[in-house]
Amino acid sequence: MIVVLAIASFGVRFGTAEAASGDAKGLKIVIARPFDIVGLDPGFLTESAQVVDNIFETLVRRNLDEKLEPGLALSWKQLDDTTWEFKLREGVTFTNGEPFNAEAVKYSIDRVLDPANNAPTRSYITTVKEVKAVDDTTVHVITNAPDPLIPIRFNRYPTEVVPPKYAGEVGQEKFAQNPVGTGPYKLKNWDKGSSVTLVINESYWGDKPEVEEVTFKAIPEAATRVSALINGEADIITAVPPEFRSQIEDSSTAKLSVVERGGNTVYVGFKTNVSPFDNVKVRQALNHAVDVDGIVKNILQGAAVATNSLIGPKDFGYAGEPEGYSYDPEKARKLLSDAGYPNGFEATLDTVNWYMKNTDVAQAIAEQLKQVGVKVKVNNVESGVYRTIVPTGEQSPMYTLGWSSTNTMDADAAIFAVLRSGEPYSTYGNPDVDALLDESRSSSDQERRRQIYAEIQKRVIADAPRIFLYQENTYYGVSKKLDWKGRTDGSLPLRTIKRAE
Amino acid sequence: MSAVALTFFIIRLSGDPVRLMLPPEASEARVSEMREFLGFDRPMSVQFIDYLKGVMRGDLGKSLYFKQPALELFIDRLPATILLAAIAIVLAVVIGVSLGAMAACRKNGPVDYAVNAIVLAGQSMPVFWIGIMLIFAFSLRWHVFPSSGNERWLSIVLPAISLAAYPVAPIARTVRSSLLNALSENYIISARAQGFSETQIIFRHALKNAMLPVVTVIGLEFGSLLGGAVVTETVFSWPGVGRLVMTGVLNRDFPLVQTSVLMISLVYILVNFVTDLLYLYIDPRIRIDS
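Residue numbers (numbering that gives the first Met the number 0), protein chains in the order written: chain A, 0 to 500; chain B, 0 to 289.
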């Protein structure tokens, strides 16, 4: 026992971060997410930017309707094919007193682009050739080729602006532990492996937020996270699995925030160069054989929306809901017969727990395909293994995958990586679609880009390189004491959290 | 040492940390560049020898995911786990010994059967299920204990109970059988003849002599507690080494997993060594010259 007491008094920190929405003065809240926080340098993240985006800011930000609005930049425009100009906000300082200016923007981007620093998300901004500080409040971003996505790139990590002097002095590792930014909050306390607490930045240039202090906790187990919310130990929880929806809705303390189609567009991909999936009739047949509406209704209990669209409704490039393949086993059998497989064939379908009820959905698909003579074996793959085998093409010829525009809210992120031939996650290749995809990345004419995405959509449906399934909803749990809604871009801007009326 | 070698190779065969560190759409070129940067492009044998050299120097490498020295991370989280495991083992011993003693006293009676049923249930319920049931009952329904975290002393109660559930079974069973053995010894018969009450006989005379196998079981179970901590700490969001290992494995964080396995093996060896020393104290026959 003496040993135990000694350990307790030395090592284990019982912090003081008391859960619950605060007192009369400042509002203090707890947000529980499934993951630990490992580093708070936005330039070198290997996790989501939900926390750092409250400490740091980007040149462009998104408002409550998730439309782009001025952040650290007041305005931006394209000067020529490869030059974008940003006019910066004046009088902004970092929480350590360093001034925010064009040099700071240049420094922040340069350190991510520098190959020696090996930033994990460098690929998000590799189209940038150079950042020029024209004067204190003017920045020119020079791109290697025309890039219509520059404003979006400067809305998202790794383009948050860091203080050059401080960041340079302390070095990358220390900076990630003791971040300094211009954002509405600053780091107060970090209990490693347990929680991070942010407190309001009194010298913030914008409106003063209602929430005074926020503790981000990691609670990996969903049932525990939901219990913590209902119990009042947490005020907002992320990543609520659909089976917990009713528990939150029925509680007297919390409410459910639904982001319809806020998640991945999930599909069964085909390796289109592997027999029999190299035959378009086979791919179309399998689309006719799967009852997507039934799966969404009965297995997912309405936690997703059946769709043939490659692009989410809030993303740039969305062109409404296109016609796809009706559920018609008879037609499926006929197409299989035409393709030379009157008795069907055998195949393996790989799946992974990244998606809602993935195994149940895969089993249902296998069962429905059996009705048209295709015998499918479902193979559940561990997450880390799947992240290795899919990009190297070692998965089975049928595999589950989901993709989304993540926080860019643009069709480019939603489809390029899974449709362009040669991309690690693509098992499809159509020269016409490739050409369109390439043009969509270089055309500065946004109207033209819209047309291109509509055209791509049409061709991909005809080619059927996948079984079109559905787009998942995302769910948040929010205390009834708060007024906040989950967002499609997945961010958690603390400054938008208010007390409930 | 074999544990170290085994871990080194198995985790390397089970996935690629480089892809988990980069965004999914990263190009092949970017992946190989990162691999080179981390030194994973070298032959595995070279990496292994390098690793062993590091271990000799006390350098266990830097966590890929946390970007901090792996040993530092482990040592930082160790006290939380030891505290949890220690409280769990104390709980398990108190409950296990009482149940075992009760069963032995009322051999083949209803109490014996009831204890047997409880023990069996405790052993067959998965740790995560017990944990979630405890949360539903004690924090959601009755609001007695917090569901997770480590902010308050009360926070440790539920994880400790759920971690204790498993070792209760082997402890109770061992106590029962070894107590029954002891109760048939001659000195017990003589104690009965002297008119001691049954309770006195069990707690004063029999239990002490029945403790030897029980101590062995406790020592072994302490090791399995460290394993159970991986699940318990994840369910209750307890910031110990169990969750650290979980994060390490999910992210294929080679240095972190290797360090954790090495250190847990050392703790296990240490606990068994202490158990052996305890024999000397409990059983005077083992002391050779004194």
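The set of hints was computed from the structure by calculation and includes no laboratory data. These figures come from a predicted structure and were not determined experimentally. One should not assume that every hint holds.
[Unchecked claim] Dumping the calculated DSS-like pairs for lysine-lysine here, alpha-carbon to alpha-carbon at most 25 angstroms:
#, chain 1, residue 1, chain 2, residue 2
1, A, Lys164, B, Lys66
2, A, Lys296, A, Lys207
3, B, Lys207, A, Lys173
4, A, Lys191, B, Lys207
[What the hints assert, rightly or not] A short, non-exhaustive set of chain A residues, derived as facing chain B with CB atoms under 7 angstroms:
#, residue
5, Gly25
6, Thr45
7, Glu46
Even for Gly, the Cβ is constructed at its ideal location relative to N, Cα and C.
Outcome of the hint check:
no., hint, in the structure
1, Lys164/A to Lys66/B, "23 angstroms, holds"
2, Lys296/A to Lys207/A, "44 angstroms, violated"
3, Lys207/B to Lys173/A, "55 angstroms, violated"
4, Lys191/A to Lys207/B, "44 angstroms, violated"
5, Gly25, "19 angstroms, violated"
6, Thr45, "5 angstroms, holds"
7, Glu46, "9 angstroms, violated"
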